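Going by numbering that gives the first Met the number 0, the residue at position 270 of the sequence shown is 269; the numbering climbs one at a time, nothing skipped.
Be aware that one or more of the hints could be misleading.
Capping the alpha-carbon separation at 20 Å, the derived lysine to aspartate or glutamate pairs in EDC-like fashion look like this [stated by the list, open to error]: (1) K261 with D454; (2) K94 with E338; (3) K34 with E49; (4) K94 with E496; (5) K401 with E300; (6) K6 with E19; (7) K61 with D31; (8) K34 with E497; (9) K61 with D109; (10) K421 with E361; (11) K34 with D146; (12) K110 with E243; (13) K261 with E274; (14) K261 with E289; (15) K34 with E67; (16) K6 with D488; (17) K110 with D237; (18) K493 with D454; (19) K61 with E49; (20) K498 with E27; (21) K34 with E19; (22) K6 with E496; (23) K421 with D146; (24) K34 with E496; (25) K387 with D307; (26) K261 with D237; (27) K401 with D329; (28) K421 with D147; (29) K498 with D31.
The calculated label-pair distances, taken between Cβ atoms and stated as ranges, are [stated by the list, open to error]: (30) R364 with A481: 41 to 51 Å; (31) A16 with A326: 41 to 51 Å; (32) D488 with T60: 29 to 39 Å; (33) A351 with A16: 55 to 65 Å; (34) T85 with E338: 23 to 33 Å; (35) D420 with T85: 34 to 44 Å; (36) T60 with L426: 46 to 56 Å; (37) T5 with T60: 23 to 33 Å.
FYI, nobody ran anything at the bench for these hints, they're computed from the structure.
Quantities reported herein were computed from a predicted structural model and do not represent experimental measurements.
Just so it is clear, CB atoms sit at the ideal spot from N, CA and C, and this is done for glycine as well.
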Amino acid sequence: MNNLLTKSALELADLLAAGEITSVELTEAALDRSKALNGRLNAFLSFNEEGALATARDVDTKRAAGEELPRLAGVPIAVKDNICMTGLPATCGSKMLENWVAPYNATVIDKLAQAGLPVIGKTNMDEFAMGSSTEHSAFGPTRNPWDDSRIPGGSGGGSAAAVAAFCVPLALGSDTGGSIRQPGAVTGTVGAKPTYGAVSRYGLIAMASSLDQIGPVARTVADAAALQEVIGGHDPRDSTSLDEPVGDLAQAAIEAGPDRLKGLRVGIVSQLSGEGYAEGVSASFDAAIERMRSAGAEIVEVSCPSFDYAMAAYYLIMPAEVSSNMARFDGMRYGLRAEPKDGPVTAERVMAASREAGFGPEVKRRIILGTHVLSAGYVDAYYGSAQKVRTLVQRDFDEAFKQADVLVSPTAPTTAFAFGDKIDDPLAMYLNDIATIPANLAGIPGMSLPSGLADGLPVGFQVLAPARADRLMYEVAAALEATTDHVADACPAKDWEEK
Numbered sequence: 000m001n002n003l004l005t006k007s008a009l010e011l012a013d014l015l016a017a018g019e020i021t022s023v024e025l026t027e028a029a030l031d032r033s034k035a036l037n038g039r040l041n042a043f044l045s046f047n048e049e050g051a052l053a054t055a056r057d058v059d060t061k062r063a064a065g066e067e068l069p070r071l072a073g074v075p076i077a078v079k080d081n082i083c084m085t086g087l088p089a090t091c092g093s094k095m096l097e098n099w100v101a102p103y104n105a106t107v108i109d110k111l112a113q114a115g116l117p118v119i120g121k122t123n124m125d126e127f128a129m130g131s132s133t134e135h136s137a138f139g140p141t142r143n144p145w146d147d148s149r150i151p152g153g154s155g156g157g158s159a160a161a162v163a164a165f166c167v168p169l170a171l172g173s174d175t176g177g178s179i180r181q182p183g184a185v186t187g188t189v190g191a192k193p194t195y196g197a198v199s200r201y202g203l204i205a206m207a208s209s210l211d212q213i214g215p216v217a218r219t220v221a222d223a224a225a226l227q228e229v230i231g232g233h234d235p236r237d238s239t240s241l242d243e244p245v246g247d248l249a250q251a252a253i254e255a256g257p258d259r260l261k262g263l264r265v266g267i268v269s270q271l272s273g274e275g276y277a278e279g280v281s282a283s284f285d286a287a288i289e290r291m292r293s294a295g296a297e298i299v300e301v302s303c304p305s306f307d308y309a310m311a312a313y314y315l316i317m318p319a320e321v322s323s324n325m326a327r328f329d330g331m332r333y334g335l336r337a338e339p340k341d342g343p344v345t346a347e348r349v350m351a352a353s354r355e356a357g358f359g360p361e362v363k364r365r366i367i368l369g370t371h372v373l374s375a376g377y378v379d380a381y382y383g384s385a386q387k388v389r390t391l392v393q394r395d396f397d398e399a400f401k402q403a404d405v406l407v408s409p410t411a412p413t414t415a416f417a418f419g420d421k422i423d424d425p426l427a428m429y430l431n432d433i434a435t436i437p438a439n440l441a442g443i444p445g446m447s448l449p450s451g452l453a454d455g456l457p458v459g460f461q462v463l464a465p466a467r468a469d470r471l472m473y474e475v476a477a478a479l480e481a482t483t484d485h486v487a488d489a490c491p492a493k494d495w496e497e498k
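Make a model of the complete structure from these sequences and hints.
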């Protein structure tokens with residue numbers, strides 16, 4: 000493996016700025032490794048070789064001419080395949096969009112282009128972002144670089160695996176109930192969900208619009224912060240976009256050593272730890288808490304009673320929004336069109352045939368559930384009640400943040416499980432998101448960073464901050480990271496032979 004790919008994004012940025020390497024050299028290395036490992040990992044669904052190298056050459060030309068460039072210019076990146084990029088497939092991991100090519104750029108793609116980051120390809124995912132293991136992709140599962148018999152998390156397992164396996168230093172994902180953070184936990188990477196509205200959702204193919212959020216995937220907290228600086232900011236094309244400055248997140252993370260923890264009130268959410276978490280996960284979490292305490296943090300326990308109902312509320316609100324967003328895939332306007340095998344060809348029968356052929360079982364399950372909870376006679380009892388719980392979750396967070404500056408928990412209840420262990424048990428699969436869901440319901444920022452290993456597999460530690468306090472989240476995570484062995488460097492994929 001090219002040793003450049005083991006470096007962080009900010010280290011690579013410094014080498015590029017100093018003229019010690021070129022973006023073409025770095026981008027070629029990322030493309031070569033990504034393609035060589037893809038037969039084993041299945042992390043990428045498509046590659047953007049021509050476009051990535053064109054961006055790299057442009058960056059090198061401007062740098063040679065003495066132009067001042069953005070900090071991450073020339074650093075390659077991968078993008079989850081539910082984010083639109085002109086001229087590239089946007090399959091969402093579904094047969095429904097297998098041959099659909101995006102006709103426009105998402106706002107985050109425009110921002111990557113303005114910052115000069117070569118996009119090397121689109122990454123695998125659970126179909127329409129519905130899943131916690133990337134086993135629901137219509138194009139086969141992605142494999143975990145720590146153990147290729149295990150899942151890489153979901154729905155953004157492709158982005159997390161690509162970063163963990165040293166194919167790219169950065170990637171974009173989307174997080175609806177934990178789809179950046181949970182893959183981060185089980186692959187030993189850093190995954191952040193910004194405050195809802197801090198990063199534009201324009202051009203993200205929607206799953207559940209009030210919950211979806213694009214965010215960064217990286218191997219260090221500072222790298223994730225630097226990427227959020229690139230993609231964040233107000234977008235008039237997104238009605239939920241926050242109109243406020245992004246701030247200097249990367250520098251805040253770089254400067255946040257262990258001393259940043261002195262006097263910090265760290266709240267352990269009692270409902271997000273303890274019973275139901277694997278022994279190794281709890282042990283790693285407790286060890287991280289002790290490191291924070293030793294660095295001077297004040298550890299307090301907080302209770303958020305509504306969190307006991309958060310997952311149930313999420314699995315009513317999210318499917319309801321799914322059923323609405325999936326209605327556009329009708330076999331008429333774009334995407335897969337399948338005609339009935341016999342009988343008349345009517346609009347209704349074409350829709351039914353197209354959806355039967357195009358959607359996988361998990362998507363169908365959530366559409367049916369969402370349609371049911373929105374139907375007459377049930378909408379108030381189910382959907383309406385779930386929205387009331389959502390309000391209670393937001394109030395519990397407000398009260399908790401009066402007692403603590405940040406809240407913490409394990410990111411996921413277990414380490415990466417083996418393929419097939421939970422695929423036939425939807426409820427067991429949904430429980431993987433038990434600790435990450437509340438942040439999406441409340442719209443607050445959350446991050447997973449590695450806290451150590453359990454039985455040779457990564458364990459994730461979650462940091463939650465108040466809404467709009469993304470800078471605080473990055474500072475605290477970086478301070479904890481400074482007390483922790485760098486887990487990503489131990490990934491066995493570093494020694495995988497490229498074939």
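Going down the list of hints, with the structure as the test:
Under the criterion of a C-alpha separation no larger than 20 Å, the hint pairing K261 with D454 is inconsistent with the structure, at around 31 Å. Between K94 and E338, the direct Cα distance comes to roughly 15 Å. Compliance with the 20 Å bound is thereby established for this hinted pair. Under the criterion of a C-alpha separation no larger than 20 Å, the hint pairing K34 with E49 is consistent with the structure, at around 14 Å. Of the pairs offered as hints, the one joining K94 and E496 is violated, with about 31 Å between alpha carbons and a cut-off of 20 Å exceeded.
At roughly 12 Å between alpha-carbon atoms, K401 and E300 fall within 20 Å of each other, so this suggested pair holds. For the hint linking K6 to E19, the alpha-carbon distance of about 14 Å falls within 20 Å, and the restraint holds. A threshold of 20 Å between alpha carbons decides the hint, and for K61 with D31 the separation of about 24 Å lies outside it, so the pair is violated. Of the pairs offered as hints, the one joining K34 and E497 holds, with about 9 Å between alpha carbons and a cut-off of 20 Å not exceeded.
A hinted pair counts as satisfied when its Cα atoms are at most 20 Å apart, and K61 with D109 qualifies at roughly 18 Å. Taking the CA atoms of K421 and E361, the gap is about 13 Å. The hint holds against a cut of 20 Å. For the given pair, K34 sits about 19 Å from D146 by alpha-carbon distance, which is consistent with the 20 Å threshold. For the proposed pair K110 and E243, the alpha carbon gap of about 16 Å is at most 20 Å, so the pair holds.
Annotation: proposed proximity of K261 to E274 is violated, straight-line Cα distance about 29 Å (limit 20 Å). Between the alpha carbons of K261 and E289 the distance comes to roughly 13 Å, so the proposed pair stays at or under 20 Å and holds. Between K34 and E67 the alpha-carbon distance is near 32 Å, which puts this suggested pair outside the 20 Å criterion. Among the hinted pairs, K6 with D488 is consistent with the structure: their alpha-carbon atoms are about 10 Å apart, no more than 20 Å.
At most 20 Å may separate the alpha-carbon atoms for a hinted pair to count; K110 and D237 meet this at roughly 14 Å. Restraint check: the Cα-Cα separation between K493 and D454 comes to about 19 Å, which is no more than 20 Å; the hinted pair holds. This hinted pair checks out: K61 and E49 have alpha carbons roughly 19 Å apart, not beyond 20 Å. This hinted pair checks out: K498 and E27 have alpha carbons roughly 15 Å apart, not beyond 20 Å.
Restraint check for K34 and E19: not satisfied, since their Cα atoms lie roughly 25 Å apart, outside the 20 Å limit. Note on K6 and E496: the hinted pairing holds, with a Cα-Cα distance of about 18 Å set against a maximum of 20 Å. Taken as a hint, the K421 and D146 pair is honoured in the structure, with Cα atoms around 17 Å apart against an allowance of 20 Å. Restraint check for K34 and E496: satisfied, since their Cα atoms lie roughly 12 Å apart, inside the 20 Å limit.
For the hint linking K387 to D307, the alpha-carbon distance of about 14 Å falls within 20 Å, and the restraint holds. At roughly 38 Å between alpha-carbon atoms, K261 and D237 are farther apart than 20 Å, so this suggested pair is violated. This hinted pair does not check out: K401 and D329 have alpha carbons roughly 48 Å apart, beyond 20 Å. A distance of roughly 16 Å separates the Cα atoms of K421 and D147; the hinted pair therefore holds under the 20 Å criterion.
Between K498 and D31 the CA atoms are separated by roughly 10 Å; this keeps the pair inside 20 Å, and the hint holds. Here the CB-CB span from R364 to A481 is close to 43 Å, well matched to the stated 41 to 51 Å. Judged by the Cβ atoms, the range 41 to 51 Å given for A16 and A326 holds: they are separated by roughly 48 Å. For the pair D488 and T60, the supplied restraint of 29 to 39 Å holds, since their beta-carbon distance comes to about 34 Å.
The supplied range of 55 to 65 Å is met by A351 and A16, whose beta-carbon atoms lie about 56 Å from each other. For the hinted restraint 23 to 33 Å between T85 and E338, the CB-CB distance of approximately 30 Å keeps it satisfied. Our hint of 34 to 44 Å for D420 and T85 holds, since their Cβ atoms are close to 39 Å apart. For T60 and L426, the Cβ-Cβ distance of about 54 Å falls inside the hinted range of 46 to 56 Å, so the restraint holds.
A hinted range of 23 to 33 Å for the beta carbons of T5 and T60 is consistent with their spacing of about 27 Å.
Hints 1, 4, 7, 13, 15, 21, 26 and 27 from the earlier list are contradicted by this structure; the remaining hints agree with it.
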